[in-house]
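Q: Each chain, written out:
There are 2 protein chains.
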Amino acid sequence: MIGEIIAIGDELISGRIVNTTSSFAASRLFSAGHQVKKITVIGDDPDSIRDTLLEAISDNQFVIISGGLGPTTDDITNESVSKALGLPLEKNPQVEKQIEEMEARLGEHAPDQFKWKLTMLPKGAKVLNPTGHAAGYELRYNGVYLFFLPGVPEQLREHLTERVLPRLNSLDQNRPFVMQKVFKLFGLTEIEINLRLEELSLTSNHIKLGYYPVFPEVHVSVTVIDRSQAKAEDLLKKAAETIHSEFEQYIVADEESGSLAATLGDLLKAKRFMLSAAESCTGGMLGATLTSVAGSSEWFDRSMVTYSNQAKVDLLGVSKETLAQYGAVSRQTALEMVNGTRKRAESQCALAMTGIAGPGGGTPDKPVGTVFIAMSAEETTLVHRFLFPGNRDEIRKLTVETALDWLRRFLKYGSLLPGYKPVA
Amino acid sequence: MIGEIIAIGDELISGRIVNTTSSFAASRLFSAGHQVKKITVIGDDPDSIRDTLLEAISDNQFVIISGGLGPTTDDITNESVSKALGLPLEKNPQVEKQIEEMEARLGEHAPDQFKWKLTMLPKGAKVLNPTGHAAGYELRYNGVYLFFLPGVPEQLREHLTERVLPRLNSLDQNRPFVMQKVFKLFGLTEIEINLRLEELSLTSNHIKLGYYPVFPEVHVSVTVIDRSQAKAEDLLKKAAETIHSEFEQYIVADEESGSLAATLGDLLKAKRFMLSAAESCTGGMLGATLTSVAGSSEWFDRSMVTYSNQAKVDLLGVSKETLAQYGAVSRQTALEMVNGTRKRAESQCALAMTGIAGPGGGTPDKPVGTVFIAMSAEETTLVHRFLFPGNRDEIRKLTVETALDWLRRFLKYGSLLPGYKPVA
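Read top to bottom, the protein sequences are chains E and R. With positions in the first sequence counted from 1, the corresponding number in our numbering is that position plus 1319. With positions in the second sequence counted from 1, the corresponding number in our numbering is that position plus 1319.
It is worth saying that the hints were derived from the structure and are not from the lab. Any given hint could turn out to be false.
One copy or two, either will do: identical chains are not told apart, so a pair holds if it fits within one copy or between any two.
[Unchecked claim] Taking lysine to aspartate or glutamate pairs in the EDC-like style, the calculated list, with each CA pair at most 16 Å apart, reads:
| # | residue 1 | residue 2 |
| --- | --- | --- |
| 1 | LYS1416 | GLU1617 |
| 2 | LYS1588 | ASP1364 |
| 3 | LYS1356 | ASP1329 |
| 4 | LYS1685 | GLU1698 |
| 5 | LYS1590 | GLU1617 |
| 6 | LYS1557 | GLU1698 |
| 7 | LYS1590 | GLU1552 |
| 8 | LYS1662 | ASP1633 |
| 9 | LYS1500 | GLU1419 |
| 10 | LYS1500 | ASP1366 |
| 11 | LYS1550 | GLU1457 |
| 12 | LYS1500 | GLU1574 |
| 13 | LYS1731 | ASP1585 |
| 14 | LYS1550 | GLU1509 |
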């Protein structure tokens, strides 16, 4: 089906917020075989909403409109749509019930005018309601499917993947069978992956590949389109096998819901290993990443975030002499950190990292981005020097991902460094 | 002046690349007092380019068109514009000269067909040429100012700031002054903030308020527009004072670039305090948030991420009896965690948190979302029970924000709990 995305919001049209949600929606629609011809951004302005919506309805089979559905005074999408399409606002009992349930659960009550505003939707609106978020709705007008979604990124993503995409897929009767699989890769650039996949000649009328950098990973989607379900399944299976054999060591997760941390957790669980960590430049980001996985207490014991030198001495037994002679960012310190961690936590494996995330603190010998990562598992202890590109946040994320990926590779293949080249 | 931004590129319309350049252009134009009514993204498709361009010309005083000016086969903007506006492509001697000069400088020669393509611009094009980039040009059509800019982010930024903005400013002597300020609030809902601001009657023809939830904070923007710079400055100053006095304790940062962690860091630095922490359910997220601030080593010492009970005993001296009698998620354990942290780190203040982030692990007594946060500073040690709503990630984020905000409030006002209501 052919469609348009309209994003509404003064924060978008004034450039204060980058419009990431429309890109997300466009990429998902594209991967599912739908065609987005235009993305339009306008402000919270009734005339702009009317003109843009009416034009989009005359040009498309579906329109996705995001933003302006909230309860505050600057949220004017519902009123504007009601006027533009001549559909009076009506109280939606489903939304009313959901708000009442939420209030009962939280023991809080919102002022009546806000509740009233949230429950008043244009006549004919069908609430989409993924996981309790009531804001989004579907409306059919002149044979065109309109989807009104909240602009808040997480809520838009939920509405889109759980309601809009399945709905559009089911509406398109002539639409062939579509299946998709996502691979999350770390250690190769988007261009390297693209080049290697081009050589495999996977792409055809039936197979589409998509590339989405989700720093520091690259996600590759394989979309298979065929009129026969059996053939689509077969095509996807073969494509997945090809990608697996070409990129195996770089694949940190092979499901949309998967993550490197969860993959690593499964490997640790299978070996009945507990993992402990010592962090300096990452400041707790490694622990936070690991514990974002529900049930991580089965395989994660502790992380000692030793930001100061004194903390490294106290908590890890790093010697003052090592710190004085080689510095906190050194091979020797990283090694003493990982050894101290394993010894004190009595864990079967450990990770430690110390580095310069910037923007200050770099020297000619150890420029910003210099990070020493140490990994210890069973009888093996290794330390490597990395030089990561980017800003403070990027360097920290690369450090965490590289450390986790290194341990993943060790547990799976024996020691095998991730793609980022070690220096010296 | 009133205008529109059109971004051309298959990579944008398929969502593979987020359209950051249009946001940049919009924010710069907005700040300079020009009005962008619409941002439109379309693919590299001649029909879309024609339709979108002609419509934009009929609706606006200026149009900025980016992308598709390069030499490769997928770059079709110049050809499409030439056809759409009936302006034949003509060889531009200035571009030709620049390419020859660049080739001489680099000692490299591009294939002739590429060079030819780059030099052929629609009749009437005036090359903008900031710092040697030849691609962009200005074209006047039906009295409308059209600016064609390269889509490459750095080049677009250069063209925009060095050529387009000065040109538009010189064309529009009557434009008003626009100033903006952002406040980041925690502890009130978007609705509560909106209600209280409505009562203050700040909004007028000259003042616009915007609300943007950035979980778990709500960001409020104040935009002031006036023909007189002095009056605009005065309006913004007064509005900022009103917001400050109404919401003071809830404002965790009052600049676009600010953050709660940075605000807290400034308070700690002023008191020459070092902060240490003990984390359980947040798994390192508190440390990661604090150390996202450059220079945080001046006021942040360590965080002990004690995910297992044994780690709580080893690193913090929590007693096994306490853990057995009250459980890891309890007032008593939180208290022993924060006391152990301060004692072992010898820091002037400490935060500790233990809770159930879910989705599993909840009980009738302690449902998912139950979190005990302990704060200790100078002679004061406090512990409170919170019940946070949301999923695992949201509960963890609320825990970190609440803990940091509590300490911020303590350092600023003495102990004052953040807006999330303590339970029992």
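Q: Please work out whether the CA atoms of LYS1550 and GLU1457 approach to 16 Å or closer within one copy, between two copies, in both situations, or in neither?
A: Answer is neither: 32 Å inside a copy and 45 Å across each miss the 16 Å cutoff.
Q: Under a CA distance limit of 16 Å, which applies to LYS1731 and ASP1585: within one copy, between copies, both, or neither?
A: Within one copy, since 11 Å is at most 16 Å while 45 Å is not.
Q: Given identical chains, is LYS1500 near GLU1419, meaning Cα to Cα at most 16 Å, within a copy, between copies, both, or neither?
A: For LYS1500 and GLU1419, the Cα distance exceeds 16 Å both inside one copy (39 Å) and across copies (36 Å).
Q: How do LYS1500 and ASP1366 come out at 16 Å by Cα distance, when the copy is not named: within, between, both, or neither?
A: Intra 41 Å, inter 27 Å, cutoff 16 Å: neither.
Q: With identical chains treated as interchangeable, where does the CA-CA distance between LYS1500 and GLU1574 reach 16 Å or less: within a copy, between copies, both, or neither?
A: within (7 Å within a copy, 42 Å between copies)
Q: Within a copy, between copies, both or neither: which one fits LYS1590 and GLU1617 at a CA-CA cutoff of 16 Å?
A: So LYS1590 and GLU1617 pass the 16 Å test inside one copy only (12 Å; across, 40 Å).
Q: Is it within, between, both, or neither for LYS1588 and ASP1364, if the alpha carbons may be no more than 16 Å apart?
A: Neither: 54 Å inside a copy, 45 Å across copies.
Q: Is it within, between, both or neither when you check LYS1685 against GLU1698 at 16 Å Cα-Cα?
A: neither (30 Å within a copy, 41 Å between copies)
Q: Go through the copies and call it for LYS1557 and GLU1698: within, between, both or neither, with a Cα cutoff of 16 Å.
A: neither (38 Å within a copy, 66 Å between copies)
Q: At most 16 Å between alpha carbons: which applies to LYS1662 and ASP1633, within, between, both or neither?
A: Both: 14 Å inside a chain and 12 Å across chains, each within 16 Å.
Q: One pair to classify: LYS1356 and ASP1329, alpha carbons no more than 16 Å apart. Within, between, both, or neither?
A: Classified as between; 10 Å across copies, 23 Å inside a copy.
Q: Please work out whether the CA atoms of LYS1590 and GLU1552 approach to 16 Å or closer within one copy, between two copies, in both situations, or in neither?
A: So LYS1590 and GLU1552 fail the 16 Å test inside a copy (33 Å) and across (64 Å) alike.
In summary, the structure is inconsistent with hints 1, 2, 4, 6, 7, 9, 10, 11, 14 from the numbered list given earlier, while agreeing with the others.
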